[in-house]
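Protein chains: 2
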Amino acid sequence: MENYLLHLECSSCGEIYPHEIPQNVCHSCGKPLFARYALEQLVDTWKPEHLQTRPPSLWRYRELLPICADEHIVSLGETITPLIHAKRLGAQLGLSELWIKDESRLPTGSFKARGLAMAISKAKELDISKLAIPSAGNAATALSVYAACAGIPAHIFMPKDTPVFNQETCRLAGANVTLIDGLITDAGKIVADRKKDAGWFDVSTLKEPYRVEGKKTMGFELAEQFGWKLPDVIIYPTGGGTGIVGMWKGFAELEAIGWIGKKRPRFISVQAAGCAPIVKAWEEGKSNAEPWQDAHTVAGGLRVPQAIGDFLILEAIYKSEGAAVAVTDDAIREAMQLLPTTEGILTCPEGAATVAALKPLIANGIIKPSEQVVLFNTGGYQA
Amino acid sequence: MENYLLHLECSSCGEIYPHEIPQNVCHSCGKPLFARYALEQLVDTWKPEHLQTRPPSLWRYRELLPICADEHIVSLGETITPLIHAKRLGAQLGLSELWIKDESRLPTGSFKARGLAMAISKAKELDISKLAIPSAGNAATALSVYAACAGIPAHIFMPKDTPVFNQETCRLAGANVTLIDGLITDAGKIVADRKKDAGWFDVSTLKEPYRVEGKKTMGFELAEQFGWKLPDVIIYPTGGGTGIVGMWKGFAELEAIGWIGKKRPRFISVQAAGCAPIVKAWEEGKSNAEPWQDAHTVAGGLRVPQAIGDFLILEAIYKSEGAAVAVTDDAIREAMQLLPTTEGILTCPEGAATVAALKPLIANGIIKPSEQVVLFNTGGYQA
Chain A
1 MENYLLHLEC SSCGEIYPHE IPQNVCHSCG KPLFARYALE QLVDTWKPEH LQTRPPSLWR
61 YRELLPICAD EHIVSLGETI TPLIHAKRLG AQLGLSELWI KDESRLPTGS FKARGLAMAI
121 SKAKELDISK LAIPSAGNAA TALSVYAACA GIPAHIFMPK DTPVFNQETC RLAGANVTLI
181 DGLITDAGKI VADRKKDAGW FDVSTLKEPY RVEGKKTMGF ELAEQFGWKL PDVIIYPTGG
241 GTGIVGMWKG FAELEAIGWI GKKRPRFISV QAAGCAPIVK AWEEGKSNAE PWQDAHTVAG
301 GLRVPQAIGD FLILEAIYKS EGAAVAVTDD AIREAMQLLP TTEGILTCPE GAATVAALKP
361 LIANGIIKPS EQVVLFNTGG YQA
Chain B
384 MENYLLHLEC SSCGEIYPHE IPQNVCHSCG KPLFARYALE QLVDTWKPEH LQTRPPSLWR
444 YRELLPICAD EHIVSLGETI TPLIHAKRLG AQLGLSELWI KDESRLPTGS FKARGLAMAI
504 SKAKELDISK LAIPSAGNAA TALSVYAACA GIPAHIFMPK DTPVFNQETC RLAGANVTLI
564 DGLITDAGKI VADRKKDAGW FDVSTLKEPY RVEGKKTMGF ELAEQFGWKL PDVIIYPTGG
624 GTGIVGMWKG FAELEAIGWI GKKRPRFISV QAAGCAPIVK AWEEGKSNAE PWQDAHTVAG
684 GLRVPQAIGD FLILEAIYKS EGAAVAVTDD AIREAMQLLP TTEGILTCPE GAATVAALKP
744 LIANGIIKPS EQVVLFNTGG YQA
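Residue numbers (the working numbering), protein chains in the order written: chain A, 1 to 383; chain B, 384 to 766.
Isolated chain A, as found in the complex:
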């Protein structure tokens, strides 16, 4: 099929890089690179009707994905995740249009599969020979299985208190696992320090340009599931932040090719009270977030003291007239019971955080009873 990928562009300074060789961040300013496509060529030639005969997987949005040749695609069946109308929970809270996008239904049980399917396919296309990643858990599991499937060795660095499920699945898939005494940011430093000597390609969130391309498909699916009309509000748990950044980018691309209009959902970022750098920055009206000290929360995926994409997350929140809110671990634990008892959906702590955020958001008038509100359950429950 025809390929519309043009080049990579720095999300901050705009410098252009070729996509034909491996790239990490901008050489000039150190910020994330974004894939850019020949969108104008798709206007009037590629239409939503073309999707109808394609299989129900994220690869149906092929024209806006960065893999040049189909034979490089590494796929474990990235099926479209269900969008569930949460009528019982909505009724309890006084919301008539509460929806949950259940990302636990992707390979390895979390939304991380989207980004890693894309990153590993591209790594295969670019003939990358060794991969390394710092992770809070689910990204490591996803990287491990896609890398195994592509036949590329993977080196995993994660906190020693990472859930057993993630540790075991990485090992089952044959990855090299190192548990460290620290947080994901410390794991990231180890990868950064060792990668040159070891010959590893760094697959860290937003330090690798294609994971975000996988994440944007959450926005594509949501738009398609709502008939190319976006909801009023998206509530999303924020660690590294690629989910919000990806969807924001994806919506811009959909508008550019004429599939959606100007309306954007208000993005509401949810963080844990014990690690809320984005919430703090938003409350202070800043465009960058300061590193969070002494980060702690039951939601390992939200224990990210500093995110390289902070300015991109905050930009999406400000421009969409959204908000950022922190929830306590107790509220997260309570939500982990509320969601299955009302809607039958089992959730990870990160997904539960979006449920926990509903009460304060309603109380503060940030979301209104009749608005169309979408929560992202980013992963499944793990024992």
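For the record, the hints were derived by calculation from the structure and aren't laboratory data. All residues carry an ideal CB built from backbone N, CA and C; glycine is no exception. Be aware that a few hints might be false.
[What the hints assert, rightly or not] These stretches of chain B come out as covered by chain A in the derived footprint (C-beta under 8 angstroms, 3 or more residues): (1) 465–476; (2) 549–557.
[Said to hold, decoys possible] Dumping the calculated BS3-like pairs for lysine-lysine here, alpha-carbon to alpha-carbon at most 27 angstroms: (3) K319/A x K286/A; (4) K130/A x K470/B; (5) K87/A x K513/B; (6) K31/A x K229/A; (7) K31/A x K196/A; (8) K87/A x K229/A.
[To be verified] Short derived list, chain A residues pointing at chain B, Cβ under 10 angstroms: (9) P82; (10) K196; (11) W200.
With chain A's structure known, arrange chain B on it following the hints.
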């Protein structure tokens, strides 16, 4: 939509029962009841093309499902599970057409969601007020969340060594959990003894007529994914056996409405060496299985010493010219690593058993190198 469900029919003696009231097994002979449909009305009026515009979920086969009114459907988004061409594992074993249907991608991470989505929807339709189930784990988790979603109290009985994931998820969904000192058959006896006094409806495999209707959709999906031509061989892990029984029934229905021809896959039942009643019966050419003594295996879902549907499982194996094979726990553990390292698919021990069965089946000439072979990974890995 129009309703094609006619009545229930005993799978052994043929006695007819109305579907408008709750039913368990045949009052005359104690065997499972099957839902029967007005198939002749669907010939020439319902066609595969009609599926194209329906959402990718098992509910697309609506005409052959037993729920009479749409408003009773309890759904958590039962998406079509991916059928993955296992090229790397196939190459290792000398099989060019090895496929894996990954059932771990259903709600609660296992194929059990299919049967319980159907059973709980029907329970809601029939206004059943309390449910009880004996389970080895995954069925309990699935029942718990669907029952919560339907607002029907659920009583779970399972062995005390049931995986922590299942115990915790049942409790998160608000079910009443009793751990017992025994096997699933012992749990089944407790439900049978107490149900009358407690007013519970027994949702045991094949003692409830609609779980098998959910399971048959595995066969419908497989047929659709292969373009309405069935594969040569289906390798399926067998505990209670509804998977094989359901697919066998489903294929007969598809043939009756003219969507597939006479060809059937050879059904190969895989059991654990420590609990292999179906394998023993098949080896001895019997049409019923004797209860297995001292059942033990790492695959909890295969630790079923006696199945009420034994004669139906064996019938499908004999009529399809299939086979039955037992694999050791060591071979299962080895397969739990082989599948993720080659294909990136994480699996439960039961799904791994089908991978473990490949080597002996090839060595014995039961499957041939060029045949189209489908393994069912019935559930995801749990820590």
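Going down the list of hints, with the structure as the test:
1. 465–476: holds (count 4)
2. 549–557: holds (count 5)
3. K319/A x K286/A: 13 angstroms, holds
4. K130/A x K470/B: 22 angstroms, holds
5. K87/A x K513/B: Distance of about 22 angstroms is within 27 angstroms: holds.
6. K31/A x K229/A: 32 angstroms, violated
7. K31/A x K196/A: With a Cα-Cα distance of about 19 angstroms, the restraint between K31/A and K196/A holds, given a limit of 27 angstroms.
8. K87/A x K229/A: 20 angstroms, holds
9. P82: 2 angstroms, holds
10. K196: 28 angstroms, violated
11. W200: 20 angstroms, violated
Violation of the numbered hints given earlier is confined to hints 6, 10 and 11; the remaining hints are satisfied by the structure.
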